[in-house]
Amino acid sequence: MIINNISLFRRLITRIIVVIILFDLCWRGYSYILPNQLQAPVIHNYSYDPLYWMFQYFDINEILISSYWGANILTILLFITALIVFAKPDKTLYKVLFTLVLISYTVLLNINISHSVHVFSGIILITFALWPSTNENFKITWEFLRYYICWLYFSAFLWKIIHLGFFQAEYGYEAFTDNLSWYIYQNPEDLLTKLYLYLVKHKLILNIGAKVIILLEGAFIIGFFTKKMDHYLVLSLLIIHISTFIFVDVMFFELFILVIPFITLNTWAKIDKLKDAIFYSFKKSKSIKI
Amino acid sequence: MYFLEKVKKKNRKLYWLFITIICVTFLVNIAKLETTPFYVWRMYAKPQQIRKENIFYTLTYNHNKLFNKKYFWNTNQKLMLTYTIPKFVECRNNGGYTLQQKKTQKSLESKPYKKFFLKTPIYQKADLNKFPDWLVSYVSEVENRKITDLKIFKITSTYENGNYAVKDKQLILSYKN
Chain C
131 MIINNISLFR RLITRIIVVI ILFDLCWRGY SYILPNQLQA PVIHNYSYDP
181 LYWMFQYFDI NEILISSYWG ANILTILLFI TALIVFAKPD KTLYKVLFTL
231 VLISYTVLLN INISHSVHVF SGIILITFAL WPSTNENFKI TWEFLRYYIC
281 WLYFSAFLWK IIHLGFFQAE YGYEAFTDNL SWYIYQNPED LLTKLYLYLV
331 KHKLILNIGA KVIILLEGAF IIGFFTKKMD HYLVLSLLII HISTFIFVDV
381 MFFELFILVI PFITLNTWAK IDKLKDAIFY SFKKSKSIKI
Chain V
57 MYFLEKVKKK NRKLYWLFIT IICVTFLVNI AKLETTPFYV WRMYAKPQQI
107 RKENIFYTLT YNHNKLFNKK YFWNTNQKLM LTYTIPKFVE CRNNGGYTLQ
157 QKKTQKSLES KPYKKFFLKT PIYQKADLNK FPDWLVSYVS EVENRKITDL
207 KIFKITSTYE NGNYAVKDKQ LILSYKN
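Protein chains in written order, with our numbering: chain C, 131 to 420; chain V, 57 to 233.
These are computed hints drawn from the structure, not numbers from a lab.
Each residue gets a CB set at the ideal place from its N, CA and C atoms; glycine is no exception.
Any given hint might turn out to be false.
To be verified - Footprint (simulated), chain C over chain V, 3 or more residues, beta carbon under 8 angstroms:
1. 83–95
2. 105–112
3. 136–144
4. 161–173
Unchecked claim - Subject to a maximum C-alpha distance of 25 angstroms in a straight line, what follows is the list of computed SDA-like cross-link-like pairs (lysine to any residue):
5. V/K186 x V/N120
6. V/K225 x V/I111
7. V/K108 x C/N317
8. V/K170 x C/F284
9. C/K331 x V/T212
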């Protein structure tokens, strides 16, 4: 074995990821941002992403968002491809189609909200690692994804050093007031508003907190040298996104999916056992009823 | 490196695929040109603008009901309006284009290859007249009721001496259905 025995749990990992994505799609439905709920927006922003420009060149937004049938078909495809991958986790073709549908949805949503948000990027990246058709290739790709995630978070830190954001004394306070003034305005009597107003008066807490979060992003470089600290990296990832949600109003909880490649082999074995126990008890209760 | 060496010994094709992914990732980062799915994670990388005032928008419908009130925690729910309303205002103030579009158009102005970009998003004008109708339709979908009127306000707030205060409330758009 090159790396470890993670391929033993390939199907389990694939199915767990698909279930998470299905739940996420339902949440997006609840949030009214599925293609058929957008009501064909009229203001678009194609950013400077070449893929977005390709979508504009081939009029894909007209076909899959502005058209009633196109938007409904794309929404159905999101769920259908996920269910097919859940049912047939070994078939590469279905997984490739699933990723392509997810990418199309993300690009089109970003075009129509007029901003390129990264909230869905984790889901897209993780589905690439499910593509390999053999256990051996899956093991290698899964490992590569873990390194790639370490790079992503470390690069976020690096950019803040290069662009000097990290060195700005008032960075935390400015990001906070820019993003949460609307909340204070709309919820004047709220408990959270009281906390926010306290923090405005004690901005040192916000500024130090922001620096700690940036350093936690930088800590992901450790992942290139050892796996012994992976549980701390998972904790860092959770702290980063919970903090940015509370203090910068950026809820990137969908990126929590990126903790999955950091899960150890022992934990996967436990999850597998738990899954077997649940299915066994389910089968047993069914046979008693009969 | 140790990982890549192992991959090279085991599977040459995957090794070259990974090398390609690494190279493209570095290239898009150096060029600062995000190319989905090669993401450039540089949001909030620059120093934040020091503001004396904070500007945001609120949307009310059917006799001053605040939109999105119940979804305050849900960024996904807010996505559609957090970005589209400021973009609408920005385009309205700049003849249908965003400031970034204007900037790029200006830089292309005297270039001989300008004609190749005329059909690209750089020169795509926003259809501002249809925006209020779309907004009514979307709010109606979310609230699951008929929308009789809709207003967008631009709010200017300040934190002078740590005390929050609303400095100005300006009506940006008023629409009756």
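Starting from the hint list further up, note which numbers the structure goes against and sort them upward.
-> 4, 8
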